[in-house]
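Q: For reference, the chains in residue letters:
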Amino acid sequence: MTYLSKLLAALSVVLAFGLVAPVAQAQVNPTQSSVNEDAMFQALGGENTVLSGRTTIPDREAGVLIKPDNKAWAVLQGSTLHTLSIVAVVGMIALLTLFYVIRGKIRVDSGLSGRTILRFNSIERFAHWTLASTFIILALTGLNLIIGKSVILPLFGESAFGTLSAWGKIAHNYLAWPFMAALVMIVLLWIIHNIPDKVDMEWIKQGGGLLKKGVHPPARKFNAGQKVIFWTVVIGGAGLSYTGIMLLFPAEAGTAADWQFYQIIHALIAAALSAIVIAHIYIGSVGMEGAFDAMGSGEVDENWAKEHHSLWVEEVKATQKRNTTQVTTPAE
Amino acid sequence: MARMKFLCDADRCIECQACVTACKNEHEVPWGINRRRVVTINDGLPGERSVSMACMHCTDAPCASVCPVSCFYTTDDGVVLHNKDTCIGCGYCSYACPFGAPQYPQTANFGTRGKMDKCTYCSGGPEPDMSQAEYVKYGANRLAEGKLPLCAEMCSTKALLAGDGDIIADIYRERVVTRGYGSGAWGWRTAYGDTVTV
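Heads up: the sequence lines are chains S and X, in that order.
Counting along the first sequence from 1, when you hit position 176 you're at 176 in the UniProt record's numbering, and nothing is skipped either side.
Counting along the second sequence from 1, when you hit position 3 you're at 3 in the UniProt record's numbering, and nothing is skipped either side.
No lab work stands behind these hints, which were simulated from the structure alone.
The model shown is predicted, which means the values in this text are computed figures rather than measured ones.
Some clues are possibly wrong.
Label-pair ranges, simulated between beta-carbon atoms [as the list claims (entries may be wrong)]:
{"no.": "1", "chain 1": "S", "residue 1": "L44", "chain 2": "X", "residue 2": "S131", "range": "37 to 47 Å"}
{"no.": "2", "chain 1": "S", "residue 1": "K212", "chain 2": "X", "residue 2": "G193", "range": "50 to 60 Å"}
{"no.": "3", "chain 1": "X", "residue 1": "Q106", "chain 2": "S", "residue 2": "P196", "range": "40 to 50 Å"}
Quick look at which bits of chain X chain S covers, simulated, 3 or more residues with Cβ under 8 Å [to be verified]:
{"no.": "4", "stretch": "37-49"}
{"no.": "5", "stretch": "73-86"}
{"no.": "6", "stretch": "140-153"}
{"no.": "7", "stretch": "163-177"}
{"no.": "8", "stretch": "183-197"}
Listed next, the stretches of chain S that the computed footprint assigns to chain X, with coverage defined by at least 3 CB atoms under 8 Å from CB atoms of chain X [said to hold, decoys possible]:
{"no.": "9", "stretch": "68-76"}
{"no.": "10", "stretch": "161-167"}
{"no.": "11", "stretch": "256-262"}
{"no.": "12", "stretch": "284-295"}
Where a beta carbon is used, it is the ideal one built from N, C-alpha and C, also for glycine.
From just these sequences and the hints, can you work out the full model?
A: Printed below as a string of structure tokens:
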């Protein structure tokens, strides 16, 4: 009993001190002026700021405690880009379908002559098809990352969709390089033919003959419409390449905010370029008789060439004539 | 159903890193992956505070909205989990997360990251509860055993609270009222849209 009472007495002494001490301290408690989350955010400039400190992990990014800004990018990526991409692609397909219904297939008005003329040699076709095939895979795998979850996922289920997307990501990362190489090739091959000139003004004025039957404004190797495609692909492709490299090498991109910026730009260019390329594919295949041969065999029908690229045909004929004259005229 | 949350009472956190160590050990987390970390604000200055941070298991989780393959899901307990079999390691979630939670096991060419890993609130993944397959991919499933996350259970000063959001908010509120000050429920406004008001 005495032991217990002694213990109780000791405890009460401890308790008394324990209770008194904090009260005495509380009046001069320096911890009351401790850093406060709300106050810190306000001091740093509202919600849209980065709250960071020090951590033991040897990675400075790990010191970032809260970054509410990331949620803004999440909204852009998760819903805005998602909607925009669908609108761009579906919208263009709808427009082209409407155009096909109204205008129909653009025929060669004077009929096929049966004689052909070389429009694109094998190097040009190789560059074009490398660019085209890689672009199609890049566009589809890229689009899959944005809208696949609402289009492919419900069809194939999570497991198959995951596997498909994983392969798609690998394809996207690696095929970007041949795409860039082919982009450089087409610039070298065709830039000389794609400088805008006076002929283009006339072509644009006549709507390229796209809207009316029997209208064929003159054009050299590339008409104004093709020049637009060329420059869109070159500038858009360069933009995609640059932002894409930044996305592949996040450390080179700079901060996370920079990476997010590149991602948005990459997706916006991709959506626009995809829509434009769909129109290009349309006019080069079902949209116009004789057009596919230019990139298929490289040989186009002479009448098609005369209708769509009259000045270019004259140039080619003149060159051929010069060449044959040179060969057949014996030296004196 | 409970809505599970974390709350770090920064006025109690002594930056001992026990939560970090407990987490690494419990889930056999590989080197370089930090499901939980302690960040010290105003280090060395008056009013310095440390906050233990991991995945906050957000309401309307931004990681889930950016994931291209929709591998995230929210459990009945409000815990945000993900399926590593579906994950393609694109890294988008790490750019969407306000708390730096998503971690990646490798860095190879072209930003290849491997499957994302993050705090599971000690509740595993989509595999059967407490199965070996689940343990290998996600670590222990303490919630299925009726236990709370080990980081909070191990906390030497009971700074880190885990449990139903309403209950831990009440505990925190009581502490703030009793001691007369509090630095706030760090991350709550960002994660859940509202903070704990006293």
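Q: Regarding X/Q106 and S/P196, is the given constraint of 40 to 50 Å on their beta-carbon distance met?
A: Check passed, 49 Å falls within 40 to 50 Å.
Q: Taking a Cβ-to-Cβ distance below 8 Å as contact, does the stretch 73-86 of chain X have at least three residues touching chain S?
A: holds (count 3)
Q: With a Cβ-Cβ cutoff of 8 Å, does the stretch 163-177 of chain X contain at least three residues near chain S?
A: violated (count 0)
Q: With a C-beta cutoff of 8 Å, work out whether three or more residues of the stretch 37-49 of chain X approach chain S closely enough for the coverage to hold.
A: holds (count 11)
Q: Are there three or more residues in the stretch 140-153 of chain X whose C-beta lies within less than 8 Å of some C-beta in chain S?
A: Violated - the stretch 140-153 of chain X has 0 residues with a Cβ nearer than 8 Å to chain S, which falls short of three.
Q: Taking a Cβ-to-Cβ distance below 8 Å as contact, does the stretch 183-197 of chain X have at least three residues touching chain S?
A: With 8 residues in contact (Cβ-Cβ under 8 Å with chain S), the coverage given for the stretch 183-197 of chain X holds.
Q: Please count how many residues of the stretch 68-76 of chain S have a CB within 8 Å of a CB from chain X and say whether that reaches 3.
A: With 7 residues in contact (Cβ-Cβ under 8 Å with chain X), the coverage given for the stretch 68-76 of chain S holds.
Q: Check the following: the C-beta atoms of S/K212 and X/G193 are separated by a distance inside 50 to 60 Å.
A: holds, 58 Å
Q: Count the residues of the stretch 284-295 of chain S whose CB lies closer than 8 Å to any CB of chain X, then report whether that count reaches three.
A: violated (count 0)
Q: Count the residues of the stretch 256-262 of chain S whose Cβ falls closer than 8 Å to any Cβ of chain X, and tell me whether that reaches three.
A: Coverage by chain X holds for the stretch 256-262 of chain S (3 residues, Cβ < 8 Å).
Q: Per the coverage rule (Cβ-Cβ under 8 Å, at least three residues), is the stretch 161-167 of chain S covered by chain X?
A: holds (count 4)
Q: That 37 to 47 Å hint for S/L44 and X/S131 (C-beta), does it hold up?
A: holds, 45 Å
Of the numbered hints given earlier, the model fails hints 6, 7, 12; all others are met.
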